[in-house]
Amino acid sequence: MASLQSLDVVARSATTTATPQIRNAIPAVAKLIDESKCIGCKACQVACMNWNDLRDDIGDNVGVYDNPVDLTPTSWTVMKFYEVEPNEGSLEWLIRKDGCMHCEDPGCLKACPSPGAIVKYANGIVDFISENCIGCGYCVKGCPFDVPRISQKDNKAYKCTLCSDRVGVGLQPACVKTCPTGAISFGTKEDMVAYGE
Numbered sequence: 002m003a004s005l006q007s008l009d010v011v012a013r014s015a016t017t018t019a020t021p022q023i024r025n026a027i028p029a030v031a032k033l034i035d036e037s038k039c040i041g042c043k044a045c046q047v048a049c050m051n052w053n054d055l056r057d058d059i060g061d062n063v064g065v066y067d068n069p070v071d072l073t074p075t076s077w078t079v080m081k082f083y084e085v086e087p088n089e090g091s092l093e094w095l096i097r098k099d100g101c102m103h104c105e106d107p108g109c110l111k112a113c114p115s116p117g118a119i120v121k122y123a124n125g126i127v128d129f130i131s132e133n134c135i136g137c138g139y140c141v142k143g144c145p146f147d148v149p150r151i152s153q154k155d156n157k158a159y160k161c162t163l164c165s166d167r168v169g170v171g172l173q174p175a176c177v178k179t180c181p182t183g184a185i186s187f188g189t190k191e192d193m194v195a196y197g198e
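Offset between the sequence shown (1-based) and the numbering used here: plus 1.
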C-alpha cells in the first residue's frame with residue numbers, strides 16, 4: 002500500500018485543483034535496463050516481492066520459464082522469456098523485464114476518476130495510493146503497456162512503485178540493488194539518458 006510519504010506530488014488523478022509548487026527542484030529519476038547484461042535469474046522479481054511483502058499464488062507450469070506468466074496484483078515485476086531461432090538449428094533466449102514504465106505523461110493517471118488514487122511525484126515516479134482506489138479498472142485501460150492489475154481480493158489497482166519508499170530516502174529500488182550483473186541501472190533521468198546513449 003503506497004502513501005504520499007515525503008515526496009512532492011506534481012500531478013494527481015481526477016483533480017481540478019493545481020498542485021502546489023514544488024519547494025525544491027527535484028531531479029527526475031529513471032531506471033535503465035540493459036537487456037544484453039540480463040541473465041534471466043529473476044533476482045529483480047524476487048527482490049520486488051520481498052521488499053514489498055508480496056506473496057503471489059503458485060502458478061501452473063505452462064511450458065515456459067515465465068512464472069508467473071504475467072503481471073498480477075502481487076507480482077509487480079515479471080521476467081519474460083522468448084525463444085527465437087535466428088538460424089536453423091540454433092536457439093536463443095530473449096529476456097525482458099516487464100513492469101511499470103513510470104511514463105512522463107501517464108495514461109493511467111489521466112484515465113483514473115478517483116481523486117488522488119494515482120499520483121506522479123516530482124522525481125517522475127508514478128504511484129498508486131490504494132486507499133483512494135475505487136477499483137474501476139480505468140487505469141488498466143489507460144495504460145498503453147497494460148501494466149496495472151486489479152486485485153480480486155480488495156478490488157484495488159496495483160503496480161510497480163519504483164520503490165518510492167526507498168527512493169524517497171536516497172536508496173535504490175530493490176530490483177536495482179539486487180541485480181547481480183548490473184543490468185538494471187538507476188539514477189537521474191539525465192544520467193540514465195546519457196548512459197543509454
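Careful: at least some of the hints might be erroneous.
Simulated crosslink set (BS3-like; lysine-lysine; CA at most 30 Å straight-line) [to be verified]:
(1) K81 <-> K190
(2) K178 <-> K38
(3) K98 <-> K81
(4) K154 <-> K81
(5) K81 <-> K43
(6) K98 <-> K190
(7) K178 <-> K157
(8) K154 <-> K98
(9) K43 <-> K157
(10) K38 <-> K157
(11) K154 <-> K142
(12) K157 <-> K98
(13) K81 <-> K38
(14) K111 <-> K190
(15) K154 <-> K190
(16) K98 <-> K178
(17) K98 <-> K111
(18) K111 <-> K142
(19) K142 <-> K157
(20) K81 <-> K142
(21) K38 <-> K111
(22) K142 <-> K98
(23) K81 <-> K178
(24) K157 <-> K81
(25) K190 <-> K43
(26) K111 <-> K81
(27) K98 <-> K38
(28) K43 <-> K154
(29) K190 <-> K142
(30) K190 <-> K178
(31) K154 <-> K111
(32) K154 <-> K38
(33) K43 <-> K178
Distance ranges between label pairs, derived from CB positions [said to hold, decoys possible]:
(34) T189 <-> I59: 33 to 41 Å
(35) I27 <-> S91: 30 to 38 Å
(36) K142 <-> G90: 24 to 32 Å
(37) R97 <-> K142: 17 to 25 Å
(38) D71 <-> D155: 29 to 37 Å
(39) Y66 <-> D155: 45 to 53 Å
(40) T182 <-> S91: 39 to 47 Å
No lab work stands behind these hints: they were computed from the structure. Since we're looking at a predicted model, the values are computed, not measured. From the three backbone atoms N, C-alpha and C, an ideal C-beta is built for every residue, glycine too.
Quick rundown of the hints versus the structure:
no.: 1; hint: K81 <-> K190; verdict: holds, 25 Å
no.: 2; hint: K178 <-> K38; verdict: holds, 15 Å
no.: 3; hint: K98 <-> K81; verdict: holds, 6 Å
no.: 4; hint: K154 <-> K81; verdict: holds, 25 Å
no.: 5; hint: K81 <-> K43; verdict: holds, 10 Å
no.: 6; hint: K98 <-> K190; verdict: holds, 19 Å
no.: 7; hint: K178 <-> K157; verdict: holds, 28 Å
no.: 8; hint: K154 <-> K98; verdict: holds, 26 Å
no.: 9; hint: K43 <-> K157; verdict: holds, 26 Å
no.: 10; hint: K38 <-> K157; verdict: violated, 35 Å
no.: 11; hint: K154 <-> K142; verdict: holds, 20 Å
no.: 12; hint: K157 <-> K98; verdict: holds, 23 Å
no.: 13; hint: K81 <-> K38; verdict: holds, 15 Å
no.: 14; hint: K111 <-> K190; verdict: holds, 22 Å
no.: 15; hint: K154 <-> K190; verdict: violated, 36 Å
no.: 16; hint: K98 <-> K178; verdict: holds, 15 Å
no.: 17; hint: K98 <-> K111; verdict: holds, 25 Å
no.: 18; hint: K111 <-> K142; verdict: holds, 11 Å
no.: 19; hint: K142 <-> K157; verdict: holds, 14 Å
no.: 20; hint: K81 <-> K142; verdict: holds, 22 Å
no.: 21; hint: K38 <-> K111; verdict: violated, 34 Å
no.: 22; hint: K142 <-> K98; verdict: holds, 21 Å
no.: 23; hint: K81 <-> K178; verdict: holds, 20 Å
no.: 24; hint: K157 <-> K81; verdict: holds, 25 Å
no.: 25; hint: K190 <-> K43; verdict: holds, 25 Å
no.: 26; hint: K111 <-> K81; verdict: holds, 28 Å
no.: 27; hint: K98 <-> K38; verdict: holds, 12 Å
no.: 28; hint: K43 <-> K154; verdict: holds, 26 Å
no.: 29; hint: K190 <-> K142; verdict: holds, 27 Å
no.: 30; hint: K190 <-> K178; verdict: holds, 17 Å
no.: 31; hint: K154 <-> K111; verdict: holds, 25 Å
no.: 32; hint: K154 <-> K38; verdict: violated, 37 Å
no.: 33; hint: K43 <-> K178; verdict: holds, 13 Å
no.: 34; hint: T189 <-> I59: 33 to 41 Å; verdict: holds, 39 Å
no.: 35; hint: I27 <-> S91: 30 to 38 Å; verdict: violated, 48 Å
no.: 36; hint: K142 <-> G90: 24 to 32 Å; verdict: violated, 43 Å
no.: 37; hint: R97 <-> K142: 17 to 25 Å; verdict: holds, 23 Å
no.: 38; hint: D71 <-> D155: 29 to 37 Å; verdict: violated, 19 Å
no.: 39; hint: Y66 <-> D155: 45 to 53 Å; verdict: violated, 30 Å
no.: 40; hint: T182 <-> S91: 39 to 47 Å; verdict: violated, 23 Å
The structure does not agree with the numbered hints 10, 15, 21, 32, 35, 36, 38, 39, 40 stated previously, though it agrees with the rest.
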